[in-house]
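*Asks:* Heads up: the sequence shown is residues -26 to -1, 1 to 183, going by mature numbering (1 follows the signal peptide of the UniProt record, and there is no 0).
Keep in mind that a hint or two might mislead.
Label pairs and their in silico Cβ distance ranges [said to hold, decoys possible]:
#, residue 1, residue 2, range
1, 127, 88, 15 to 25 Å
2, 145, 77, 34 to 44 Å
3, 78, 175, 25 to 35 Å
Okay, derived cross-link-like pairs now, DSS-like style, lysine-lysine, Cα gap no bigger than 27 Å in a straight line [said to hold, decoys possible]:
#, residue 1, residue 2
4, 181, 166
5, 45, 179
6, 34, 166
7, 34, 22
8, 140, 22
9, 73, 179
10, 34, 140
11, 145, 179
12, 59, 46
13, 58, 22
14, 146, 181
15, 9, 73
16, 46, 145
17, 181, 34
18, 73, 113
19, 140, 166
20, 166, 45
To be clear, the hints were calculated from the coordinates, so they are not data collected in a lab.
These numbers were taken from a predicted model, which means no experiment stands behind them.
Even for Gly, the Cβ is constructed at its ideal location relative to N, Cα and C.
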Amino acid sequence: MKKNYKIVGYLLAVCCLILGSCGDQPNLAPANYVKWVRDANNGLYQSKTINEFEFSAQYKPLDFIVAQEEKKATLETAVVEHRKKELGADYIYYNFRIKNQEGSLSPVGSGAHSDQEYQQRLGYFTFDMQQDLYLLHGKDTFPCTMFQFVRSYDVAPYVEFALGFKKGAEKKINQDITFVFEDRVLGIGTTKLLFEQHIFEDIPKLKTL
């Protein structure tokens, strides 16, 4: 009887170890981590096409930002943690892109019927658009407080923006996040991109030294 108890106890211990290891996310080297985050199948990249424009948003974990900045095969823990502290745990970072699917002109020039309309769009994308971007998280609204228009000078059929949304250091991502853009120049209206809560739990860890 005692022998049977020992066998059962051993099997339970093995099962616990297996289940525990399955629940842990893998540690990925910097290049593989960046690749994983960018893979649309993992949910951190969402897109939607409306008329001739594709709207896409890439969620950027802090580890992802550091790995992109450093561009090294290996990263020291101290370097990563220092940079993450600078970036701030109270912000959520995204890249947002609007792409013209039906031509070579960027959304600044595509469909603009005059130089005045072109300049209006350029001014909007450069400055005014910031107030039309926000995140919904349950009953909370996170405003866009960091905004950078990445100029391509119309050599690419898209416009891109680096964004930071203020959530507060104590606020945890425990619900779906909806990325919202309320367009005022393209005639599209409101665009929403959904990032389900579970995808934030599935993000692997960045391997450091």
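*Asks:* Is residue 181 within 27 Å of residue 34, Cα to Cα?
*Replies:* 17 Å, holds
*Asks:* Could you grab the alpha-carbon distance between residue 181 and residue 166 and see if it respects the 27 Å cut-off?
*Replies:* Outside the cut-off at roughly 33 Å; violated.
*Asks:* Verify the proposed pairing of residue 140 with residue 166, using a straight-line Cα cut of 27 Å.
*Replies:* Holds, because 18 Å separates the two Cα atoms, which is no more than 27 Å.
*Asks:* For a C-alpha distance cap of 27 Å, please report whether residue 45 and residue 179 respect it.
*Replies:* 17 Å, holds
*Asks:* Hint check: residue 73 vs residue 113, CA-CA at most 27 Å. Holds or violated?
*Replies:* Status violated; Cα separation ~30 Å.
*Asks:* Just to be careful, I want the Cα atoms of residue 34 and residue 22 compared with a cutoff of 27 Å; is the pair within it?
*Replies:* 18 Å, holds
*Asks:* Quickly compare the C-alpha distance for residue 140 and residue 22 to 27 Å and report which way the hint goes.
*Replies:* Between residue 140 and residue 22 the Cα gap is close to 24 Å, so the pair holds against 27 Å.
*Asks:* Verify the proposed pairing of residue 34 with residue 140, using a straight-line Cα cut of 27 Å.
*Replies:* 14 Å, holds
*Asks:* Given the hinted pair residue 9 and residue 73, is their alpha-carbon gap at most 27 Å?
*Replies:* 22 Å, holds
*Asks:* Please verify whether residue 73 and residue 179 have alpha carbons no more than 27 Å apart.
*Replies:* 31 Å, violated
*Asks:* Quickly compare the C-alpha distance for residue 145 and residue 179 to 27 Å and report which way the hint goes.
*Replies:* 20 Å, holds
*Asks:* Is the hinted range of 15 to 25 Å satisfied by the C-beta distance from residue 127 to residue 88?
*Replies:* About 19 Å separates the Cβ atoms of residue 127 and residue 88, which means 15 to 25 Å holds.
Consistency with the previously given hints fails for numbers 3, 4, 9, 13, 16, 18, 20, ordered from lowest to highest.
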